[in-house]
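Trainee: Sequence:
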Amino acid sequence: TFCARLLDMLEQMQERIQANWKEQQTMGTLIMISLRIISLTLEPEIRKRAVSLIILCRRTAMCWCTDLDAMLNDGRSDKESEKTRMMILKGASLCQSTYDVDEDHIEAVLNSDEEGADIVECSVLICDNTPEHISSLPKDIQGLIVHCRKVAHGVEHRLRSLIKGQGVGISRAIARIWKGVLMKDLWEFMPKNNPSWAYNETIESENQISQSVHYNIITGELLVDGRPLGRVPKKFMRHPLYRRIFGTVSD
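Letter by letter, the sequence shown follows residues 3 to 253 in the working numbering.
Take these hints with a grain of salt, some might be off.
[What the hints assert, rightly or not] Here are the simulated lysine to any residue pairs, SDA-like style, with alpha carbons at most 25 Å apart:
#1 K85 <-> N196
#2 K194 <-> G145
#3 K186 <-> V148
#4 K166 <-> T221
#5 K181 <-> G145
#6 K181 <-> P193
#7 K85 <-> G145
#8 K166 <-> D104
#9 K152 <-> N196
#10 K81 <-> S138
#11 K181 <-> V148
#12 K85 <-> V148
#13 K24 <-> M11
#14 K181 <-> A72
#15 K152 <-> A110
#16 K24 <-> A110
#17 K166 <-> K81
#18 K85 <-> L139
#19 K141 <-> H159
#20 K166 <-> E203
#21 K166 <-> P193
#22 K194 <-> R229
#23 K186 <-> L139
#24 K141 <-> R229
#25 K24 <-> D104
#26 K186 <-> E206
#27 K81 <-> D71
#28 K186 <-> I211
Hints in this document: simulated from the structure, not taken from any laboratory.
Please model the complete structure; the sequences and the hints are all you need to start from.
Mentor: Below is the structure:
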């Protein structure tokens, strides 16, 4: 069929570009077409192939983000770091876009612990690399961030159920972001006035006290003892003295 031949081409293209994070635009096209196939096809086998391709694209985008995030710590200039942050934003947005399916197909693309880990990790990357005022970003990236928020709302119920079930995926994502941390088994959600916040505690060890961890399933905010992990709180970054000394690079 036409869709089968189209998927043949898309799979070959994904294999060709997976080692090159500069191919983000091509990856975006692959994801967009694959999502349309999932939405429109009436053939279960074709949909299954498209879902498998979407997951491959997601893993590739996450690998790109990991490589780019590591580049932020290699002594780059402020200008180069800012460009790298924009590439991370685009890569993480690509990852999140792979969950942008009709309600009937959400479980197909968000089902395993690893799929839960990926959406948590990419949402944290988006949050951490987005300045306080997105109006300072190029229009295309502003659009990506708005779209990611829409996707987060679309999968909120499914992600909530995965986190409340076992929470393996979210704990795995936190361990990737906060290297080596061990989380307790049970994740819970805040009361009705803060329903988007999941919370847990780290496991106490000989050299580490237990700390509270909060994650917002809509915004991607990750807080440890009420503060952003490894970042200056935004209320300090907004202070005129901070901006005068450090500028807006860390926004």
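Trainee: If a hint holds in the structure, say so; if it doesn't, say that too.
Mentor: To see whether the hints hold, each was checked on the structure:
no. : hint          : result
1   : K85 <-> N196  : violated (34 Å)
2   : K194 <-> G145 : violated (30 Å)
3   : K186 <-> V148 : violated (32 Å)
4   : K166 <-> T221 : holds (18 Å)
5   : K181 <-> G145 : violated (31 Å)
6   : K181 <-> P193 : violated (29 Å)
7   : K85 <-> G145  : holds (17 Å)
8   : K166 <-> D104 : holds (22 Å)
9   : K152 <-> N196 : holds (19 Å)
10  : K81 <-> S138  : holds (15 Å)
11  : K181 <-> V148 : violated (29 Å)
12  : K85 <-> V148  : holds (20 Å)
13  : K24 <-> M11   : holds (20 Å)
14  : K181 <-> A72  : holds (13 Å)
15  : K152 <-> A110 : holds (18 Å)
16  : K24 <-> A110  : violated (28 Å)
17  : K166 <-> K81  : violated (41 Å)
18  : K85 <-> L139  : holds (11 Å)
19  : K141 <-> H159 : violated (29 Å)
20  : K166 <-> E203 : holds (14 Å)
21  : K166 <-> P193 : holds (14 Å)
22  : K194 <-> R229 : holds (22 Å)
23  : K186 <-> L139 : violated (38 Å)
24  : K141 <-> R229 : violated (29 Å)
25  : K24 <-> D104  : violated (29 Å)
26  : K186 <-> E206 : holds (9 Å)
27  : K81 <-> D71   : holds (15 Å)
28  : K186 <-> I211 : holds (13 Å)
Violated hints for the displayed structure, listed by number in ascending order: 1, 2, 3, 5, 6, 11, 16, 17, 19, 23, 24 and 25.
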